[in-house]
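Residue numbers (this note's numbering), protein chains in the order written: chain A, 166 to 383; chain B, 80 to 272; chain C, 7 to 294; chain D, 256 to 703; chain E, 543 to 840.
Hints may be right or wrong, so weigh each one.
If we take Cβ atoms under 7 Å as the criterion, some of the chain B residues that face chain E in the derived model are [unchecked claim]:
| no. | residue |
| --- | --- |
| 1 | L230 |
| 2 | L234 |
| 3 | Q237 |
| 4 | E242 |
| 5 | V243 |
| 6 | A244 |
| 7 | G249 |
| 8 | T250 |
| 9 | L262 |
In silico DSBU-like cross-links for lysine-lysine, where the CA-CA straight-line distance does not exceed 30 Å [claimed, not checked]:
| no. | chain 1 | residue 1 | chain 2 | residue 2 |
| --- | --- | --- | --- | --- |
| 10 | D | K623 | D | K645 |
| 11 | C | K175 | A | K380 |
| 12 | B | K173 | A | K304 |
| 13 | B | K248 | D | K453 |
| 14 | C | K282 | C | K240 |
| 15 | D | K651 | E | K558 |
| 16 | A | K352 | A | K193 |
| 17 | D | K276 | E | K763 |
| 18 | B | K248 | A | K377 |
| 19 | C | K124 | C | K286 |
| 20 | C | K249 | C | K226 |
| 21 | C | K124 | D | K477 |
| 22 | D | K453 | D | K477 |
| 23 | D | K651 | B | K121 |
| 24 | E | K558 | A | K379 |
| 25 | A | K304 | A | K197 |
| 26 | E | K608 | B | K248 |
| 27 | B | K248 | A | K193 |
| 28 | D | K414 | C | K124 |
| 29 | E | K608 | C | K124 |
| 30 | E | K763 | D | K267 |
| 31 | C | K124 | D | K453 |
| 32 | E | K608 | D | K623 |
These aren't lab readings, by the way, just hints derived from the structure by calculation.
Built from N, CA and C at the ideal position, the CB exists for glycine as well.
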Amino acid sequence: MSLINQNKANEGFFKKLGENPATDDFIKGLWKDNPVFVQVLGMCPSLAVSNSAKNALAMGLATTFVLTMSNVLISLLRNFIPKEVRIASYILIIATFVSMVDYTIQAVSVDLHKSLGAFIALIVVNCIILSRAEAFASKNTVGRSFFDGLGMGLGFMFALFCIGSIREIIGSGSLLGFQVMPDAFEKWVIMVLPAGGFFTLAALLLIFNHYKLKKSKA
Amino acid sequence: MNQESLMTIFINASLINNFVLAYFLGICPFLGVSGRVGTASKMGAAVTFVMVISSVCAFGINMLLVAVNAPFLQLISYIVVIASTVQLVEMFVKKASPALFKALGIFLPLITTNCAVLAIALLQTSKGYDIFQSITFALGGGAGFTLALVLMAGLREQLEFSEVAGVAKGTAIVLLVAGILSLSFMGFAGLGG
Amino acid sequence: MSIFIPILTLGLLTLALAGLIAVANKKLYVYEDPRIDQVEDMLPHANCGACGFPGCRPFAEALVSGQVLPGKCSVSSDAGRAAIASFLGVALGAEEKRVARLACNGGINVAINQAYYKGVSTCQAATLISGGGKACSWGCLGYGDCEVVCDFDAISMNEFGIPVVDIKKCTACGDCVEACPKMLFSIHPISHRLWVACKSLEAGDEVLDVCDVGCSACGKCAMDAEDNMITMVKNLPVINYSKNHKTQDPIQRCPTGAIVWLDDKDGLIKGKEAKKIIRKGSRNMGYS
Amino acid sequence: MDFFSLHTNTFKNGIHPPENKEDTKGLPIRQFPFASELIIPMTQHIGAPAEITVREGQEVARGQVIAKATGYVSVPIHSPISGVVTQIGLVPTISGNKAQGVTIKAFPSSGQEVAEGYCIDYKTASADEILQAIQNAGIVGLGGAAFPTHVKLKVPEGKVCDYLIINGIECEPYLTTDHRVMLQQGDDIYMGIRYLMKVTGAKEAIIGIEGNKQDAADSLTKIKPTDIPVSVKVVPVKYPQGSEKMLITAVLGKEVPSGGLPIDVNIVTVNIATTAEIGRLLPHGRGIQERVITITGPAVKKKGNYLIPIGTPLRFVLDHVGIVDDIAEIYMGGPMMGPAVADLDISITKGTSGILVFGSKDVIHTDKIYPCIKCSACVDACPISLNPSKLGILAKFESYDRMVSDFNLMDCFECGSCSYVCPSHIPLVQYFRLSKSRYKRKQALNQQ
Amino acid sequence: MSKVTLNISTSPHLVKGLSTDTIMKNVLYALLPAAAFGVFSFGWNALLVMITTTLGAMLTEHYLNKWYGKLTTIYDYSAALSGLLLGMTLPPVFPLWMAFLGSVITIALGKFIFGGLGYNVFNPALVGRAFLQAAFPVAITTWLQPFLPERFYSVSSSIYAWPFMRPTVDAVSGATPLSAFKFDKVSTEAYDMAMGICSGSVGETSTVFIILGGLYLAWRKMLNWRIPVSIIMTVFVFSAVFYMLDGVAYPSPFFTIFSGGLMLGAIFMATDMVSSPITSEGVWVYGSIIGLLRGVIR
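Model the full assembly from the supplied sequences, consistent with the hints where possible.
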């Protein structure tokens, strides 16, 4: 809740930034077209690795990297790739970056790699990346694609972090591994279970919808 | 080599660790194409079919990669194989049965980006399944996916005739129902250990 | 050397698969005119059926195949129609704007309800229960099925329970024609301004007993109209729009105001001799 | 008990509404006086309206044909009174639509002699001649549906009729017309059966009577003639047993297929009052001029079973029997299926089997409508095993096509059992009637 | 005769007079004996739990409706019924804040979000119970021995744990017959279980009262008797087969049908009108599937 309110307060600031096309592309992904809350894309990782804030952050970073890089590369190559095989080529490009990230994470921290499991590899099939490649990078300049990828990636990370911290605080009484709740706090085991992921995301969507409805009524 | 029995693998993949409700794999089609029981079961069948094919392909590719000592190409080759398989299937269906294509065609590109299919390939490799175990795993995963999809579709058909509260319309209610389904699938945890 | 093996593997794999897809693409190709999608995108996506096709997609197919002209789409803006016409390189095929007209003016202030209807409050449902309670068998019941069915917000119920068509918003899609169980709506070119706002087949006191503004079949309008433009058929005036109907003469002597002039700006205009209705409340229910 | 259902002399499901027949079932049929002016609409039967053959100012005799049938599914109309035609024009009907009609002013102090035609003898006449005679007599189903009887009796090519079932069920609460007819016109009924058996070629006739009319069954058994194979069968009381398909299941244990007719299982059913009317009119070559009607309900002062001329204005009937001041609702027919009356200017027609008058304090007001809680009461009540609950929900969301294709909406004959039992007070029957009419309209539009 | 204005409405013009709130009320009444036995067996603890869930459910229903701008629907008794049912499936020493949370989930997530009474696809009380089971697996399996002498003099401290805090367990904990069998292979007499002389959830121990309540409802035709009959028959047959195969590892069928709230589930949960099928064929299938799943999962 607090995160969202904070973001709402910042909206005026974002609007000012939004006058520049590059920053506009950037802001759009963060808030207005947030890939998780608004476009409802990339559900698998947002639910699967968001049982702790740390996993969520790592996943978010990895996705942002892949998204930005692939956006840039695809934008560079957009005039060379024939239309018929574009999707296959995009996937190939994305898969290359994902493989890189996968091995990087493994090198940095084996534990993290273990807890993220196959989901790093599954970034390949995250609909956000492909949809940005198809909808944006293949039609726009390198610079704009970069900012679009960065914005979308950070928006994704923000959403993941929201879900992850809510689930971690209520489900384990901690945030990023540090205990934030008193000792006697009764942990809600459900929040770290799969069902908790569904419920948390649903609850956040409900809040989003509520504000959207309120806005449309006003 | 993994020594799990085929039965265990199947039950594990389909019920206990249901791909959708426990592993969150294939959520996108789960949310997208679970409106009608008919389409859901077709989608489930299509996914299961692709899963089995890609499982077999992935098994072969993996053997090849291990032979040439290039396991770092795993991910990239899997995705390429799956993407092309799906595209071939799509073309074949479009030609062979336009009616089926109309019903199924829109899902096929979706399957390419269905993490469940890729996950089958990746998981079977990491678990070290042999060819029969792999196929069983793919069948189980597909069955679990289909089961979740069909259950969801059945519930959504009922929801269609409900007065769902305004804020919950759309994805939110589906996620909530999925959460409740996931809760009930936890009951299977006692099965087979 | 070892670096070449993976490159070779992947290269071969990609090559093999690409070749397979290329072959398949050639063998299994199904042609569909890409213009259909583009034209469909240019249409308003209202799927209202005003063009006579089941929806925008079939209309787009017909447009591309040259069966119809873009002017048939009454929902799209002028610019939109022109854009489609220039895209396809065909004539615009402009058609006169048509709107829905209601053949009843018997609001609750002028027409009697003979019974209290209790049940599902739609006209369609009420009609099935002894006609719906309105004393005039042909009259508008006022439950607003047409208002609900109109996708363009062009119909609103006025204070007397009579639907009013906003001719600016009306697209002549015909949904209200279909929805009205009393068949009171019909689609007319906007230039048809002379209009009979009554469908009662009865005459004289039988009509006036139940409705102040019904057509009592006096025939004055038919006498006043030039060139036999109006004929009385089954106690109702029938206007022959192929003759000169641009004059307001026929409505002037109508004693009840059942034949009216529909003006773009001023709305419904009644003749000079039409009795003035000053009642704002409902006319007495029933006979008591 | 669906797993163990043997033939139990009745049909599946159904309901037991309060019968309320005590007030009138002991009262003999009495002749109703003639109104000074009778209004006779031309749409008294299902099918094409009759065509008026008299002109304004013409004098007509009682029993004279005043309108002829227009086509096969149509019957002529006879003058119920001797008098002079004062007006031909639109007259109000129960449906709410105006229809062509004839207004006849009675001759003052007329003896109301009946014009008789040619006698049709069941022994000598051929089946076709009898069918023609039935049509000429203007006979329609007097149970309420008013379907031309000769159409129903015609056995199609290639089909045979084994059983003739005479419908003496009268399952609607309040109504006692058939009961009285069975008690008082037993001979007419058997005469009618002779004609009907000749027409249909049935091998056996069965009179089906509900258990609450045991005296009628006894009286019919007592006078049973020996020259025709006819039997009386008493079945348990349950609504809507008077419906054709339910009756066939109750009496013979046969199921008429969905969308089929009784003749598909070699059966023809005829209402008992219609049978009596055939037996009474055909030997004299007359047409229908009057019918037995139960007038009852809490607001009626002189309840009873009356023989009322067709075309008698409802207002005159009510004046004559006397009603309390604050009447609220009037139904033509029984309370389960009879339509409500909006306009007191309508008149009695051939299809009117009863007139029920309720005062404002007698009307059962429908309480608050709750959402459907899927309690399955309606499913357990529906005599044709539909799923009214699902249909109701679909109707609410206007899925008419699915209602018809997946849930057999068109089989519903609006018996009202589901609405009667619904604890949430959902107006199911109205939804279904609406859905059917919307669906038919859509179909018609699609065909254009 | 004076001229009058009539009412017109659709046929049928008669109604049976039974109404939805009457049905809900009667189901509530039918639950009361078993609930009262729970209070008798577990003391004030049980009463507090049930009152919390019932009031919690009604308050949630009321305020959700109010917030959403609808008329309150607590007078149709369905919220109270769901609340009481939830309370009866909870252990007697369940912390009240958790019980309250459960009742909020029951109404908000199990019912309101779907559009209120009649539109829920799951049994609301079961949604609440499943949520609590997953969220607080320890608290929901902390049982109390029946007929403790002090049950009407003191209240277990875990009952009034601070909201969101872990309850302190001081209760004399008892094992339910099911857990006793599962972990210690101790079988409880079927007779004791039928009479409710065992520990368990607040309202599930007295099988006799539950069956009596079910019989009352079946007699009033407010319960589809096919559902409990098919469930119990399936469970009985299923467990009998296993019992005959191995009488030591598997409990006797009588034990199975009287244990673990099967009766409460079969008679009052599975028969929830809204979420159960309505055709009689569907009902038999539904009952057998529940019975089978029950056998598999246990």
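How the hints compare with the structure:
no.	hint	result
1	L230	violated (11 Å)
2	L234	holds (5 Å)
3	Q237	holds (5 Å)
4	E242	holds (3 Å)
5	V243	holds (5 Å)
6	A244	holds (5 Å)
7	G249	violated (12 Å)
8	T250	violated (13 Å)
9	L262	holds (5 Å)
10	K623/D - K645/D	holds (20 Å)
11	K175/C - K380/A	holds (26 Å)
12	K173/B - K304/A	holds (28 Å)
13	K248/B - K453/D	violated (66 Å)
14	K282/C - K240/C	holds (26 Å)
15	K651/D - K558/E	holds (23 Å)
16	K352/A - K193/A	violated (36 Å)
17	K276/D - K763/E	holds (27 Å)
18	K248/B - K377/A	holds (12 Å)
19	K124/C - K286/C	holds (24 Å)
20	K249/C - K226/C	holds (18 Å)
21	K124/C - K477/D	violated (48 Å)
22	K453/D - K477/D	holds (23 Å)
23	K651/D - K121/B	holds (29 Å)
24	K558/E - K379/A	violated (44 Å)
25	K304/A - K197/A	holds (20 Å)
26	K608/E - K248/B	holds (19 Å)
27	K248/B - K193/A	holds (24 Å)
28	K414/D - K124/C	violated (46 Å)
29	K608/E - K124/C	holds (28 Å)
30	K763/E - K267/D	holds (17 Å)
31	K124/C - K453/D	violated (48 Å)
32	K608/E - K623/D	holds (19 Å)
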